[in-house]
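If you read the sequences in order, they're chains A and B. Under my numbering, the first residue of the first sequence is numbered 409, with each subsequent residue one higher. Under my numbering, the first residue of the second sequence is numbered 158, with each subsequent residue one higher.
Hint data in this document are derived by calculation from the structure and do not stem from the laboratory. The structure presented is a predicted model; accordingly, all values stated were derived computationally and were not measured. Just so you know, even glycine gets a beta-carbon here, dropped at the ideal spot from N, CA and C. Fair warning: there could be bad hints in the mix.
To be verified - Below are the SDA-like pairs computed for lysine to any residue, each with C-alpha atoms no more than 20 Å apart in a straight line:
1) A:K450 to A:G417
2) A:K450 to B:R166
3) B:K235 to B:G185
4) A:K450 to A:P489
5) A:K450 to B:K168
6) A:K478 to A:N430
7) A:K450 to A:L517
8) A:K450 to B:Y259
9) A:K450 to B:D181
10) B:K235 to B:T188
11) A:K450 to B:W179
12) A:K450 to B:L266
13) B:K228 to B:G185
14) A:K450 to B:P165
15) B:K172 to B:G242
16) A:K410 to B:E201
17) A:K410 to A:R516
18) A:K450 to B:I169
19) B:K168 to A:S448
20) A:K450 to B:L267
21) A:K450 to B:S244
22) A:K410 to B:K219
23) A:K410 to B:G197
24) B:K219 to B:S244
25) A:K450 to B:M246
26) A:K450 to B:A245
27) A:K410 to B:Q216
28) A:K450 to B:P262
29) B:K168 to A:R449
30) A:K450 to B:D243
31) A:K450 to B:Q198
32) A:K450 to B:R265
33) A:K464 to A:F483
To be verified - Pairwise CB distance ranges, derived in the manner of DEER restraints:
34) B:L196 to A:R468: 27 to 35 Å
35) B:G229 to A:R449: 27 to 35 Å
36) B:V211 to A:K475: 42 to 50 Å
37) A:S476 to B:G229: 36 to 44 Å
38) A:P489 to B:G197: 17 to 25 Å
39) B:D213 to A:E413: 19 to 27 Å
40) B:V211 to A:A437: 46 to 54 Å
Given next are the chains, with one letter for each unit.
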Amino acid sequence: QKEVEQDPGPLSVPEGAIVSLNCTYSNSAFQYFMWYRQYSRKGPELLMYTYSSGNKEDGRFTAQVDKSSKYISLFIRDSQPSDSATYLCAMSPNSGGYNKLIFGAGTRLAVHP
Amino acid sequence: EAEVAQSPRYKITEKSQAVAFWCDPISGHATLYWYRQILGQGPELLVQFQDESVVDDSQLPKDRFSAERLKGVDSTLKIQPAELGDSAMYLCASSPGGETQYFGPGTRLLVL
Numbered sequence: 409q410k411e412v413e414q415d416p417g418p419l420s421v422p423e424g425a426i427v428s429l430n431c432t433y434s435n436s437a438f439q440y441f442m443w444y445r446q447y448s449r450k451g452p453e454l455l456m457y458t459y460s461s462g463n464k465e466d467g468r469f470t471a472q473v474d475k476s477s478k479y480i481s482l483f484i485r486d487s488q489p490s491d492s493a494t495y496l497c498a499m500s501p502n503s504g505g506y507n508k509l510i511f512g513a514g515t516r517l518a519v520h521p
Numbered sequence: 158e159a160e161v162a163q164s165p166r167y168k169i170t171e172k173s174q175a176v177a178f179w180c181d182p183i184s185g186h187a188t189l190y191w192y193r194q195i196l197g198q199g200p201e202l203l204v205q206f207q208d209e210s211v212v213d214d215s216q217l218p219k220d221r222f223s224a225e226r227l228k229g230v231d232s233t234l235k236i237q238p239a240e241l242g243d244s245a246m247y248l249c250a251s252s253p254g255g256e257t258q259y260f261g262p263g264t265r266l267l268v269l
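Could you put the whole structure together from the sequences, leaning on the hints where they help?
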């Protein structure tokens, strides 16, 4: 079983829809949670960064972390065709400065006009 | 805006040949990472440097892969000999410290 599970999709939604992307994990040591967006043939771009449990909002994006359920989510409001990309969740334990990120497989999102 | 630079962007090689990838991190970033991303999967860490020192290479196939960061700035990842299963995107990332990592555009490798 992988440490981080993420549904690969693809997820297809109409423009303006609310999108929900999710990851589950098994390692209770994870403290730092990130969402990256990756366009085709490009490197991942950091979208959201959250420490421990709670919510964080940035424009149309909201990240939620539920450590008790080992479940994290990314919500995209008013989705746009430019949001079409692969979304990768990533997480890291709290063990000092040399943390490696453990990534999910990524969910492919397509927002159609 | 400062970015992580990687070259080449694309590389096609035949199996058993040697290949090398180069990464220039964001200026001032002491931590540098090399990841491999197989199509349809998330990136997996190959090696992590703190300045010029390797701090994690537990997932680096050391029989064929090597990495160096001699002056603690730019870095080179080498594969010799390349195998068909090495076809993937090789991503470099850098960090000023902590958990936030900034990725370069990657080098897409195809081994024939």
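Query raised in the report: Taking 20 Å as the top limit, are the C-alpha atoms of A:K450 and B:A245 close enough?
Result: 13 Å, holds
Query raised in the report: Does the alpha-carbon distance linking A:K450 and B:M246 stay inside the 20 Å limit?
Result: The hint holds at about 9 Å.
**Report entry** Hint consistency between A:K450 and B:Q198 [alpha-carbon to alpha-carbon, up to 20 Å]
**Finding:** Given pair A:K450, B:Q198 holds - Cα atoms ~14 Å apart, limit 20 Å.
Query raised in the report: Do the alpha carbons of A:K450 and B:R265 lie within 20 Å of each other, as the hint requires?
Result: Holds, because 10 Å separates the two Cα atoms, which is no more than 20 Å.
Report task. Measure nothing beyond the straight line between the CA atoms of A:K450 and B:Y259; if it is 20 Å or shorter, mark the hint as holding. Result -> 12 Å, holds
Report task. Sort out whether A:R449 lies within 20 Å of B:K168, counting only the CA atoms. Result -> Satisfied, since the Cα-Cα distance of roughly 13 Å is no more than 20 Å.
Requested in this report: For the pair we were handed, A:K450 and B:L266, check the Cα-Cα distance against 20 Å.
Outcome: 13 Å, holds
Query raised in the report: Taking 20 Å as the top limit, are the C-alpha atoms of A:K410 and B:G197 close enough?
Result: 15 Å, holds
Query raised in the report: Quick one: are B:V211 and A:A437 within 46 to 54 Å, going by C-beta?
Result: 23 Å, violated
Query raised in the report: So the hint says 17 to 25 Å: do the beta-carbon atoms of A:P489 and B:G197 match that?
Result: For B:G197 against A:P489, whose Cβ atoms are near 23 Å apart, the range 17 to 25 Å holds.
Requested in this report: Starting from the hint 27 to 35 Å, judge whether the C-beta atoms of B:G229 and A:R449 obey it.
Outcome: 30 Å, holds
Report task. Would you mind confirming whether the straight-line C-alpha gap from A:K410 to B:E201 stays at or under 20 Å? Result -> Given that 20 Å is the threshold and the Cα spacing comes to 12 Å, the pair holds.
Of the numbered hints listed earlier, those contradicted by the structure are 3, 22, 36 and 40.
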